[in-house]
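Trainee: Same order as they appear, the protein sequences are chains A and B.
The numbers in the first sequence follow my numbering, run straight up by one, and end at 398.
The numbers in the second sequence follow my numbering, run straight up by one, and end at 379.
Don't read these hints as lab results, they were simulated from the structure.
Do not rely on the hints blindly, as some may be mistaken.
Taking lysine to any residue and the SDA-like style, the derived pairs with C-alpha atoms no more than 25 Å apart in a straight line are [to be verified]:
1. Lys262(A) x Thr376(B)
2. Lys284(A) x His367(B)
3. Lys284(A) x Met269(A)
4. Lys284(A) x Ser360(B)
5. Lys310(A) x Pro70(A)
6. Lys255(A) x Phe3(B)
7. Lys393(A) x Val254(B)
8. Lys255(A) x Arg371(B)
One-letter residues, chain by chain:
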Amino acid sequence: MNLEFTAEEKAFRDEVRSFIENNYPQNIERAAVQDDMSPEDMTAWHKILGEKGWSVPAWPEQYGGTGWTPTQRYIWSEENARVNAVMPLPFGVAMVGPVIYTFGNEEQKAKHLPGIKSGNTWWCQGYSEPGAGSDLASLKTTAVRDGDDYIINGQKTWTTLAQHADWGFFLCRTDPDAPKPQQGISFILVDMKTPGIEVRPIKLIDGGYEVNEVWLTDVRVPAENLIGEENKGWTYAKFLLAHERSGIAGVARSKRGVEQLKEIAQHEMLDGEPLLQDMGFATKISQLEIDLAALEITELRTLAGEQAGKGPGPESSLLKVKGTEIQQRLTELTLEAVGHYGTPDFRSFPADGSNDFPIGPDYAHSAAPTYFNMRKTSIYGGSNEIQRNIITKMVLGL
Amino acid sequence: MDFNFSDEQNMVRDGISRLVREQYDWDTRRAVIASESGWRPEFWAQLAELGMLAAPFSEEDGGFGGGAVETMLIMEEFGKGLVVEPFIPSVVCAGGFLKHAGTAAQKEEYLSAIIGGEKVFAFAYAEPQGRYDLANLTTTAKKDGDGYSLNGHKAVVIGAPWASHLVVTARTSGGQTDAGGVSVFIVAKDADGVSLRDYATVDGRRASEVYFENVSVPGDALIGELDNGLPLIETVVDEATAAVCAEATGAMQVTHAMTLEYAKQRKQFGVPISSFQVLQHRMVDMFMEYEQSISMSYLATIKLDEDEAARKHAVSSAKVRIGQSARFVGQSAVQTHGGMGVTDETAVGSYFKRLSIIESEFGSVDHHMRRHVKLTAAQ
Chain A
1 MNLEFTAEEK AFRDEVRSFI ENNYPQNIER AAVQDDMSPE DMTAWHKILG
51 EKGWSVPAWP EQYGGTGWTP TQRYIWSEEN ARVNAVMPLP FGVAMVGPVI
101 YTFGNEEQKA KHLPGIKSGN TWWCQGYSEP GAGSDLASLK TTAVRDGDDY
151 IINGQKTWTT LAQHADWGFF LCRTDPDAPK PQQGISFILV DMKTPGIEVR
201 PIKLIDGGYE VNEVWLTDVR VPAENLIGEE NKGWTYAKFL LAHERSGIAG
251 VARSKRGVEQ LKEIAQHEML DGEPLLQDMG FATKISQLEI DLAALEITEL
301 RTLAGEQAGK GPGPESSLLK VKGTEIQQRL TELTLEAVGH YGTPDFRSFP
351 ADGSNDFPIG PDYAHSAAPT YFNMRKTSIY GGSNEIQRNI ITKMVLGL
Chain B
1 MDFNFSDEQN MVRDGISRLV REQYDWDTRR AVIASESGWR PEFWAQLAEL
51 GMLAAPFSEE DGGFGGGAVE TMLIMEEFGK GLVVEPFIPS VVCAGGFLKH
101 AGTAAQKEEY LSAIIGGEKV FAFAYAEPQG RYDLANLTTT AKKDGDGYSL
151 NGHKAVVIGA PWASHLVVTA RTSGGQTDAG GVSVFIVAKD ADGVSLRDYA
201 TVDGRRASEV YFENVSVPGD ALIGELDNGL PLIETVVDEA TAAVCAEATG
251 AMQVTHAMTL EYAKQRKQFG VPISSFQVLQ HRMVDMFMEY EQSISMSYLA
301 TIKLDEDEAA RKHAVSSAKV RIGQSARFVG QSAVQTHGGM GVTDETAVGS
351 YFKRLSIIES EFGSVDHHMR RHVKLTAAQ
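Let the sequences and hints guide you as you build the complete structure.
Mentor: Next comes the structure, spelled out in structure tokens:
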């Protein structure tokens with residue numbers, strides 16, 4: 001039993017580190033909230049990685065995966081977090097891609113996988129509806145077969161970054177009379193330029209527009225866009241959610257977040273000393289670091305299991321719950337740390353371009369919006385309560 | 001990166017697991033802790049015979065070439081059965097001092113007897129005024145001819161009633177809380193001037209208040225360097241802390257399983273209480289605490305042989321996390337058992353009590369949090 005990287009793993013780390021140093025676009029920094037970045041900036045690194053052949057490391061090699069071990073993928077995410085890299089969005093790479101190569105036909109693979117790898121096709125996820133959140137299987141959007149097409153009608157919501165999307169994957173009800181709601185659902189790929197689709201951005205509590213309502217009115221989609229079998233979509237949807245949860249722990253990024261929090265607490269003063277020296281605040285940071293260490297080793301144990309041939313199981317629910325709790329706690333503490341200058345709304349700052357009289361330190365601007373925004377993490381991807389239900393069923397056997 | 005155990009380690013785990021399952025059932029343990037001596041010397045002899053007391057020692061020290069991982073595996077299984085026998089005081093602590101700093105003669109005389117089970121040690125380090133500060137010592141050892149004369153009072157010395165010998169920390173120079181001036185001695189329990197007040201502990205073990213009054217020990221009773229014993233003590237206590245962390249994971253696993261079983265059987269409102277989501281989620285939280293405790297037990301164990309800062313950082317991280325988990329899992333188990341959880345008749349109460357004491361053993365959550373904060377600031 002050891003936590004050491006092997007010589008090969010260390011060599012791999014050096015290789016990816018130097019690739020990142022030499023190729024990561026220097027002008028692209030992560031914005032406080034995603035929609036403050038241009039779509040070009042959000043996909044820039046994805047496109048570079050696509051050319052290098054590193055954009056979909058977890059995929060099977062025959063579809064363009066790198067063949068890296070879980071440990072190498074862990075090293076890869078650590079190294080990217082070191083530079084706070086804006087990583088490929090998950091909707092294509094981690095969600096629909098695996099569904100397509102696992103359940104799609106050859107035409108669908110040939111048509112869609114290259115654009116996901118290259119970063120040229122932007123995907124969005126049409127799952128949630130106003131009446132179907134945690135109870136996803138109660139979704140009402142319908143797809144009715146009409147000759148060689150489906151006609152889709154309904155409304156999706158919380159569709160992340162759909163305003164930029166070229167394609168979407170949608171769960172639609174194709175058999176309203178199925179005995180169980182899970183049995184009448186199909187998984188359909190939709191070109192977002194199809195007539196009848198309207199994307200309406202939703203303003204979130206951080207002031208940004210990260211998610212959308214997607215209205216579908218008589219949207220005519222070729223039947224060849226159906227993935228797998230009709231009415232079997234729930235199986236594919238669940239497969240996707242398990243994939244989505246692995247890596248959701250965000251350990252590498254949270255580690256970087258802790259370092260940033262410490263830097264802030266080193267600048268902020270309390271009784272003439274850095275806030276970091278205050279036993280009360282330092283204890284909160286230590287607790288966060290300790291919990292993060294526990295999460296990290298738990299994730300490494302899961303990775304080791306994966307390396308030994310066990311697929312991502314219900315442990316990924318644990319990683320999701322604890323990972324998001326830590327991500328949220330990090331943003332709470334950052335907002336606490338910045339004190340008064342958590343209050344001004346940076347979106348309202350005078351646009352005179354003058355830096356002569358800056359409003360508070362730069363690091364304070366994103367503290368409140370990030371805190372507000374990150375409340376989403378315990379809600380999305382299956383709320384943390386739903387994750388507990390999954391563990392109840394899959395681990396406790398109840 | 002590797003979380004697998006070697007074949008030899010798996011054999012240790014399987015062997016100890018079978019022994020605890022077969023010989024440490026709940027009723028047997030109850031009878032043993034209620035008996036006059038409070039332990040089973042014959043069980044100890046059996047552990048020695050099976051080579052379990054040799055598991056964490058190198059071959060040149062008379063062991064099987066194992067180390068901290070073997071201790072972890074043994075203590076995890078001990079935790080599952082709430083084994084009271086003094087593996088940590090005698091093997092991990094006394095054995096640890098001898099392993100790290102014993103002379104050839106000391107190893108010859110004591111370590112082989114610890115491994116053979118003939119000599120049983122207790123570790124007398126805590127004092128009434130010192131809380132968890134290992135250097136806060138009023139017990140003194142004054143130079144006296146070729147040897148030393150010990151005076152003082154050691155608090156809650158676990159396993160002392162069963163011990164033949166004690167490892168004692170004492171001040172040989174400096175002020176009461178100085179890092180320098182601390183030394184470590186081996187003292188026979190039957191030496192003149194040693195007196196004990198024995199008692200039972202709330203978690204089923206036995207301990208003593210130990211008093212030293214002009215106790216003469218020879219010069220070769222000193223383990224390690226004179227006046228510079230603190231780093232050695234910290235090393236050994238960190239190893240013992242990792243061991244008690246492993247014990248906690250074993251106890252938590254059983255506590256969780258027991259709670260799940262009870263919830264499935266207990267009916268209220270006409271249905272098993274395990275069908276209530278509020279209890280399901282609490283049991284999920286117990287499971288998550290347990291899983292993360294396993295991770296931290298691994299981390300502490302793996303880092304024991306690294307440099308001092310890394311070792312202390314990992315051990316304190318683990319003890320904080322496991323102390324918090326032990327409290328949550330123990331309390332949740334009692335709560336889920338309802339009235340049965342607070343009776344003396346159910347096993348869950350005993351697991352809760354042991355977990356509650358583990359919380360503060362070798363330093364409370366607050367103590368290790370402070371150490372973590374200081375180590376972080378020093379980085």
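Trainee: Does each hint fit the structure? Answer for all of them.
Mentor: To see whether the hints hold, each was checked on the structure:
With a C-alpha separation of about 10 Å, the suggested pairing of Lys262(A) with Thr376(B) holds against the 25 Å cut-off. About 14 Å separates the Cα atoms of Lys284(A) and His367(B), which keeps this hinted pair within 25 Å; it holds. This hinted pair checks out: Lys284(A) and Met269(A) have alpha carbons roughly 16 Å apart, not beyond 25 Å. Of the supplied pair hints, the one linking Lys284(A) and Ser360(B) holds, its CA atoms being roughly 20 Å apart against a limit of 25 Å.
Proximity of Lys310(A) to Pro70(A) is assessed by CA-CA distance (about 11 Å); at most 25 Å being required, the pair is judged to hold. Using a Cα cut-off of 25 Å, the hinted pair Lys255(A) and Phe3(B) holds, with the two alpha carbons roughly 22 Å apart. For the suggested pair Lys393(A) and Val254(B), the alpha carbons sit about 19 Å apart, so the restraint of at most 25 Å is met. A distance of roughly 20 Å separates the Cα atoms of Lys255(A) and Arg371(B); the hinted pair therefore holds under the 25 Å criterion.
The earlier numbered hints are all upheld by this structure, with none contradicted.
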